[in-house]
Amino acid sequence: MTDENNNQNLAIVADENSELQRFLEFSLGEEDYAIPLLSVREVISVPETTPIPKAPSHFLGIMNLRGQVISVVDMRTKLKIKALENNSEESVIIVDIDGMNLGIVVDSINKVLAFSLNEINDVPEIETQVNAEYIYGVYRKEDSLTVLLNVAKVLDIADVNTLKKKAA
Amino acid sequence: MEDFEKELKEDFLEESLQLLEDTEQSFLALENDKESSELLDQIFRLAHNLKGTSRAVGFGEVAEFTHEMENLILKVKTGELPVSDGIVSLLLECNDHITHMIQTLKDDMAETFESEAIVVKIQGALGGELNGDQSTAAVSESVEEVQEDVPSEEVVAESGAWEDDDQEAIDEDSLVAGFEQEIIEEKEVVQVDSPEVSSAEPEISAAALEALRELGGDLDESVLNELSEGVVKEAEVEEEPEISAAAVEALKELGTCDEGLISDLQKNTKKEDLKFNNVEKRNEENVTPIPVVRGDGSPVSVTKAAPAPVAKKAATKKTGEDESIRVSLARVEKLNNVVGELVILQTVLDQQRFSSVQDDLTNKSISQLGKLSKEIQEISMSLRMVPVKSTLQKMSRIVRDTSKALDKDVKLTLFGEETEIDKTVLEHLSDPLVHIVRNAVDHGLENTVDRVKAGKSEVGNVTIRALHEGNNLVIEISDDGGGIPADIIRGKAIEKGILNPNEQISDEEVIQLIFHPGFSTKDQVTEVSGRGVGMDVVKTNIEKLSGEVKVKTERGKGSVFKVVLPLTMAIIDGMVIRVGGEKFIIPLNQVHESLKPNEEIVHEVTGWGKCLNLRGQVLPLFNIGSTLSVKTDEGVETDKIAIIIQSTEIPFAILVDDILHQQQVVIKNLGNEIKNTKGFMGSSILGDGKPSFILDLNELYSGKMKKSSSNIKDNLIGRVA
Numbered sequence: 001m002t003d004e005n006n007n008q009n010l011a012i013v014a015d016e017n018s019e020l021q022r023f024l025e026f027s028l029g030e031e032d033y034a035i036p037l038l039s040v041r042e043v044i045s046v047p048e049t050t051p052i053p054k055a056p057s058h059f060l061g062i063m064n065l066r067g068q069v070i071s072v073v074d075m076r077t078k079l080k081i082k083a084l085e086n087n088s089e090e091s092v093i094i095v096d097i098d099g100m101n102l103g104i105v106v107d108s109i110n111k112v113l114a115f116s117l118n119e120i121n122d123v124p125e126i127e128t129q130v131n132a133e134y135i136y137g138v139y140r141k142e143d144s145l146t147v148l149l150n151v152a153k154v155l156d157i158a159d160v161n162t163l164k165k166k167a168a
Numbered sequence: 001m002e003d004f005e006k007e008l009k010e011d012f013l014e015e016s017l018q019l020l021e022d023t024e025q026s027f028l029a030l031e032n033d034k035e036s037s038e039l040l041d042q043i044f045r046l047a048h049n050l051k052g053t054s055r056a057v058g059f060g061e062v063a064e065f066t067h068e069m070e071n072l073i074l075k076v077k078t079g080e081l082p083v084s085d086g087i088v089s090l091l092l093e094c095n096d097h098i099t100h101m102i103q104t105l106k107d108d109m110a111e112t113f114e115s116e117a118i119v120v121k122i123q124g125a126l127g128g129e130l131n132g133d134q135s136t137a138a139v140s141e142s143v144e145e146v147q148e149d150v151p152s153e154e155v156v157a158e159s160g161a162w163e164d165d166d167q168e169a170i171d172e173d174s175l176v177a178g179f180e181q182e183i184i185e186e187k188e189v190v191q192v193d194s195p196e197v198s199s200a201e202p203e204i205s206a207a208a209l210e211a212l213r214e215l216g217g218d219l220d221e222s223v224l225n226e227l228s229e230g231v232v233k234e235a236e237v238e239e240e241p242e243i244s245a246a247a248v249e250a251l252k253e254l255g256t257c258d259e260g261l262i263s264d265l266q267k268n269t270k271k272e273d274l275k276f277n278n279v280e281k282r283n284e285e286n287v288t289p290i291p292v293v294r295g296d297g298s299p300v301s302v303t304k305a306a307p308a309p310v311a312k313k314a315a316t317k318k319t320g321e322d323e324s325i326r327v328s329l330a331r332v333e334k335l336n337n338v339v340g341e342l343v344i345l346q347t348v349l350d351q352q353r354f355s356s357v358q359d360d361l362t363n364k365s366i367s368q369l370g371k372l373s374k375e376i377q378e379i380s381m382s383l384r385m386v387p388v389k390s391t392l393q394k395m396s397r398i399v400r401d402t403s404k405a406l407d408k409d410v411k412l413t414l415f416g417e418e419t420e421i422d423k424t425v426l427e428h429l430s431d432p433l434v435h436i437v438r439n440a441v442d443h444g445l446e447n448t449v450d451r452v453k454a455g456k457s458e459v460g461n462v463t464i465r466a467l468h469e470g471n472n473l474v475i476e477i478s479d480d481g482g483g484i485p486a487d488i489i490r491g492k493a494i495e496k497g498i499l500n501p502n503e504q505i506s507d508e509e510v511i512q513l514i515f516h517p518g519f520s521t522k523d524q525v526t527e528v529s530g531r532g533v534g535m536d537v538v539k540t541n542i543e544k545l546s547g548e549v550k551v552k553t554e555r556g557k558g559s560v561f562k563v564v565l566p567l568t569m570a571i572i573d574g575m576v577i578r579v580g581g582e583k584f585i586i587p588l589n590q591v592h593e594s595l596k597p598n599e600e601i602v603h604e605v606t607g608w609g610k611c612l613n614l615r616g617q618v619l620p621l622f623n624i625g626s627t628l629s630v631k632t633d634e635g636v637e638t639d640k641i642a643i644i645i646q647s648t649e650i651p652f653a654i655l656v657d658d659i660l661h662q663q664q665v666v667i668k669n670l671g672n673e674i675k676n677t678k679g680f681m682g683s684s685i686l687g688d689g690k691p692s693f694i695l696d697l698n699e700l701y702s703g704k705m706k707k708s709s710s711n712i713k714d715n716l717i718g719r720v721a
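Line by line, the protein sequences are chains V and D. At position 69 of the first sequence the residue is numbered 69 (full-length UniProt numbering), and the sequence of numbers has no breaks. At position 587 of the second sequence the residue is numbered 587 (full-length UniProt numbering), and the sequence of numbers has no breaks.
None of these hints come from the bench; they were simulated from the model. Warning: the hint list may mix true and false statements.
What the hints assert, rightly or not - Here are the simulated lysine to any residue pairs, SDA-like style, with alpha carbons at most 20 Å apart: (1) D:Lys550 / D:Lys583; (2) D:Lys631 / V:Pro56; (3) V:Lys54 / D:Glu699; (4) D:Lys583 / D:Glu637; (5) V:Lys54 / D:Ser506; (6) D:Lys75 / D:Leu126; (7) D:Lys690 / V:Glu48; (8) D:Lys121 / D:Gly580; (9) D:Lys411 / D:Lys456; (10) D:Lys690 / V:Lys153; (11) D:Lys389 / D:Lys411; (12) D:Lys631 / V:Glu48; (13) V:Lys54 / D:Asn669; (14) V:Lys54 / D:Val630; (15) D:Lys678 / V:His58; (16) V:Lys54 / D:Asn623; (17) V:Lys54 / D:Gly580; (18) V:Lys54 / D:Ser702; (19) D:Lys631 / D:Ile641; (20) V:Lys54 / D:Thr632; (21) D:Lys678 / V:Pro51; (22) D:Lys550 / D:Ser506; (23) D:Lys334 / V:Arg41; (24) V:Lys153 / D:Gly671; (25) V:Lys54 / D:Ser629; (26) D:Lys34 / D:Leu126; (27) D:Lys374 / D:Asn363; (28) V:Lys54 / D:Lys583; (29) D:Lys631 / V:Ser57; (30) D:Lys678 / V:Pro56.
Extracted from the complex, chain D is given alone in its bound form:
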């Protein structure tokens, strides 16, 4: 495969995933607002778009399938098929199928797919409707019919005929809209991928189209339709009218159109007798010449004069909009590295300022440079940030499917979709959120009968709120359900042996047990939940992101799950410690407290090592120097500082020589040669320009903890009780 073609395909796959997310949202919205023709238009546009581009880049199977889907949408759009839950489910199923195809293609572009089953379903839906209100027998008959045929032939036959179908059925408005959309899409492809193609022209024309369309709103619909119809008939392939239709609109807007002019335009369009299988190329050509067609192609003087300012106006409008480019994360990281270094150098310079620089101007420049480099650092850091929107929107699908499966009526409200977070964090956020949201619908919300009994609205509410809190992103998932019953949790926990029956713990602590591995209150394992892995996954995944999850619940009122995440994984709050002559960094979120141990609390147990008896809790005490084979200062435990580490298992303490300071550190990856060394999260360059290791103490000591944790735990319970 040629590189160019491959690149096109890769771009298509990326973009189509975005498109599919949009369609999914539209489908879900459609379910709530079944009458909305606006939504249908939008869906149709998106599907059409997908079909066009997938065919253009050579994914025939995707194109064929989207064509089937498009047919279905068309029927819905024209009102032949009423929007029902069944239809929406089918559409969502189609969407999933395409997403699956795209995902698979991303890994292997040569992959083929079995779409028969779902195509049959679509045909069934279509067939059922085509026969009007006839009995279900007729529907099933038509299904059988399809099944008897070799389905692939069916698809091929269909695909052969689709142009006619489309032209007959699609009403011009959506057609035009769809094409515009396509042009705009294409324009982006051109800009990003082919810098050699002049991007200015397509931009103007696409923008012009947009402007024209806006202006075209108050046009005489019937005349416009008539014109467009003519265009459609003339056009050889369905995308052809994009020039003519747009041009016609432009002319119409100027109020100067006459038959001769239109035919001129159409001739122009036909001159672009381009092959169907290369929309990409066609669009490059098509998009660019629009001003030419309008300016030079038409002999009428009015047209010559007028479109120019329109285009100009549109162009200025366009520049005000938020445009974006795609940059690889590796590049951004590289930039961050260099900028980090710049800031360090600047700090060195800044320190020199007081000791050796007398000159005022130099002084001023240095301080100015400081401000600038801070700003550059902020900007370069922000490049990694993306809005949480896409992930939150995925949740609406989860809510829908879960509530359908459980036959509950649930309304999901999203707040703060624009809140930004580091891309790498966001990627890992989806799974835990799915679990929490699913739990909220399944365990949190009562069924309709119970809700009414409790005096609540029939429709359950789930709210997801994303916001920034200091240097953290907070995502709150709240439901107005029955809350988490502490007594039931306690009972289950004892039953499953997670909780010692004699242990006295508060209700709040009991609630935390839902995060325990293997815990589930459901006796039956259902499709939705009950396997007892959910909340455990949530907790471990979020902790992996150096975040935490908290739960607050009130009986009868509902529960709130609060996920707190660092904004970025590239920067962490660290505690710089000294062990002998070396500095190490401990992530602050692992540190629980630090203290200077006195003789009373340090104990040595033979065969067990040292331990710390802290406020009735016995913690194993490790000397970090000996763990890392780093020479420490002379002296006994009481000369050093003990840091209590929060651990996934049990807390433990480490001995360090000194705590130097706390600071935010930029995490740098280690090279492959030492990347896999256990206990190192990465490294960071400290203020003196020297790199230091960032320790992952949980990992560093996990082996030791495993060996002793069980008897420690037993002893712990025994001693405390």
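Only chain V is shown next, with the shape it has when bound in the complex:
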């Protein structure tokens, strides 16, 4: 588990001219997002969860992943994206952020992208409804657009802190 630490930073720290990086692309609502593949532990179907009392609304609950208790976060609620209706492709990506395991609910898993880092464009703020600091950049291919999401930022310490405060 811990071997995969720090991987969420991969996209930023890696050398500009390095080889192809791989990302896992998924959909939130109608938009496409991607995270570094190496920060992904596994992908599962949406499990049964137990709600966490008094937690922010995007905390869906806790789940049992083969004996380990993991929090599941609904990325769509957090990013204020409307979920698809009648969606049978809903999945949970288990990510490893600095050794902390989290489940992220997404509308669908699309594909694995491979591109070199210099193909990443800067953040065009108008193109998404998402807070700019949640994003590393944008990858554009022909007419499709994929937002590279910084999961650590989205669910950052700020959130952990609000939880602490709320409880106190």
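Starting from the known structure of chain V, fit chain D onto it as the hints suggest.
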């Protein structure tokens, strides 16, 4: 620093702490049995061992200091210095100093230390003795002398010369013994840390050495000494003889040794011309070749034939012994997680068995699997268990120091040192035990005069007993002192404002007041006690471990403190409750009772909330659903169930929709993102495979209690009275 070197150092630090615990025990034992040469041998071995390994891994300062200490022990051992209380105290002080060094090094390996003060003390002790029975003036003179010198130079000079010193002074027996010990120690290091190094060979040789040593018991001492002496002279560094000495013993045992053979062996030994500063490496090489030296190195046919069976025999003996490996707790936890899941899956399968499985063989296999998985779970749980021995033994030091400080004669007896408990529980057990034991010696036991007057033996007795009672570990600390005087406690409690003078409480309840924060019967704050924090700490610490502490006392006969702890913090007895559609777990030890409230006992006080009037006691009543913002079933209080919670402050009641069942639950840690949420102890996976939160109700409601507890308490007293 290279990883390998760092690992070595870390291992050394771990091991040396163990060693230091052993030496401390030996010192304490020595104090009681001042004539025991066996103990001295053992101490010397341990100190020597420590010196050798610390130098090997590059902790020069520790090595230098242990060398000083070794010198002192040597003098004691050879009888030049009589074992006195002063010497033992000094040795213990040295031990503390080394422990301090090791502890500090554990945090920062580059740390340096000031050992001068204590080295001066050692020099003083040594100097005093070297001048025989001369006056104290001579002693102090020698102390001054040392102080005038730059002490660090003194140490360096000393360390430069130590090899000669040692070889002259150490008698061969202990030397050989020490080396064997070292080899055995090293062998463990090799096995654990360097899987690539063949562990089989060192094992045989170390084991062989052991066997040889046993067999060597009935050897002709003088011949052996002569041989070993020769070896020592030949050897370039002090550890060198470990091969030769052992080999010589082997030969001797076979009764076939002659001069030529020995010189052959010595040549072999010398071929291993290895550098002093890398014992680790040397031992890997040295340990391994022993059979080679014996088998191929010596031209004599008898030697060739004979050692093999000896080694074999020893090896088989060795496998019967209890060997151990060190595994990180994280790994054990991971195993426990997976095994827990296995058991849950098995339960699901087991339930399916009755409804959908017709096949006999499948049925049988499932039930077999059930037994197996239960067994696996038990084993994996037991991996966390360690004997309480090390912690109990620490108490003997506490008893010694406390009794010395108070000038009381105290005998400590330990029972059940092998009793096992979860490692994490044990780590937190030490502090409370220290307080209780110290109290037993200070407050519990009378002074010698009073003891004699009361017709008791002069020596006070403190007994620590560890045992299992159901799913709990019980530690009883009893003394045969004067017991706790309830009237004095009552007086003090009133004086300190802890107890209302009008309150009528039984003596037993009065005794419990010693656990109250700030309570102390001592008017004078001494080094040993009187600050009034002791028993409070005991209580809070033990409650943190979900345990409890009880005290029983009889005037004139003594007191018993009984600490009851859960065997493990990984499993607790829980009560599964339902709030609306959600299940929560309440630790059973927080639950006092549960009842269905009727209209007569539920009251509402404006501005105060709901409360429960239960048998004359008024308890605040909280609705857990609204506290946790969980939707509850419809209905009023009388439709629900009230659970009375034992609290550190005052008891209170919570309303839940239903109590489902009680079961043992495995506590799972929550992720960082919700770990700090107040009121959750963790989570657990219930039989349906879904995780549930384990509530810490005391924590959950502690804020509310603080706000209202003072007026509740006042009201409580007013109403009840």
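Verification of the supplied hints:
1. D:Lys550 / D:Lys583: Measuring from Cα to Cα gives roughly 33 Å; hence the hint is violated.
2. D:Lys631 / V:Pro56: holds (16 Å)
3. V:Lys54 / D:Glu699: holds (15 Å)
4. D:Lys583 / D:Glu637: holds (19 Å)
5. V:Lys54 / D:Ser506: violated (44 Å)
6. D:Lys75 / D:Leu126: holds (8 Å)
7. D:Lys690 / V:Glu48: holds (7 Å)
8. D:Lys121 / D:Gly580: Not satisfied, since the Cα-Cα distance of roughly 71 Å exceeds 20 Å.
9. D:Lys411 / D:Lys456: holds (13 Å)
10. D:Lys690 / V:Lys153: Status violated; Cα separation ~29 Å.
11. D:Lys389 / D:Lys411: holds (18 Å)
12. D:Lys631 / V:Glu48: holds (19 Å)
13. V:Lys54 / D:Asn669: Status holds; Cα separation ~18 Å.
14. V:Lys54 / D:Val630: holds (9 Å)
15. D:Lys678 / V:His58: holds (19 Å)
16. V:Lys54 / D:Asn623: holds (15 Å)
17. V:Lys54 / D:Gly580: holds (15 Å)
18. V:Lys54 / D:Ser702: Satisfied, since the Cα-Cα distance of roughly 17 Å is no more than 20 Å.
19. D:Lys631 / D:Ile641: Answer holds: Lys631 of chain D to Ile641 of chain D is near 16 Å, not above 20 Å.
20. V:Lys54 / D:Thr632: With a Cα-Cα distance of about 15 Å, the restraint between Lys54 of chain V and Thr632 of chain D holds, given a limit of 20 Å.
21. D:Lys678 / V:Pro51: holds (15 Å)
22. D:Lys550 / D:Ser506: Status holds; Cα separation ~16 Å.
23. D:Lys334 / V:Arg41: Within the cut-off at roughly 16 Å; holds.
24. V:Lys153 / D:Gly671: Within the cut-off at roughly 17 Å; holds.
25. V:Lys54 / D:Ser629: holds (6 Å)
26. D:Lys34 / D:Leu126: holds (18 Å)
27. D:Lys374 / D:Asn363: holds (17 Å)
28. V:Lys54 / D:Lys583: The hint holds at about 15 Å.
29. D:Lys631 / V:Ser57: Answer holds: Lys631 of chain D to Ser57 of chain V is near 15 Å, not above 20 Å.
30. D:Lys678 / V:Pro56: Answer holds: Lys678 of chain D to Pro56 of chain V is near 14 Å, not above 20 Å.
Of the numbered hints listed earlier, those contradicted by the structure are 1, 5, 8, 10.
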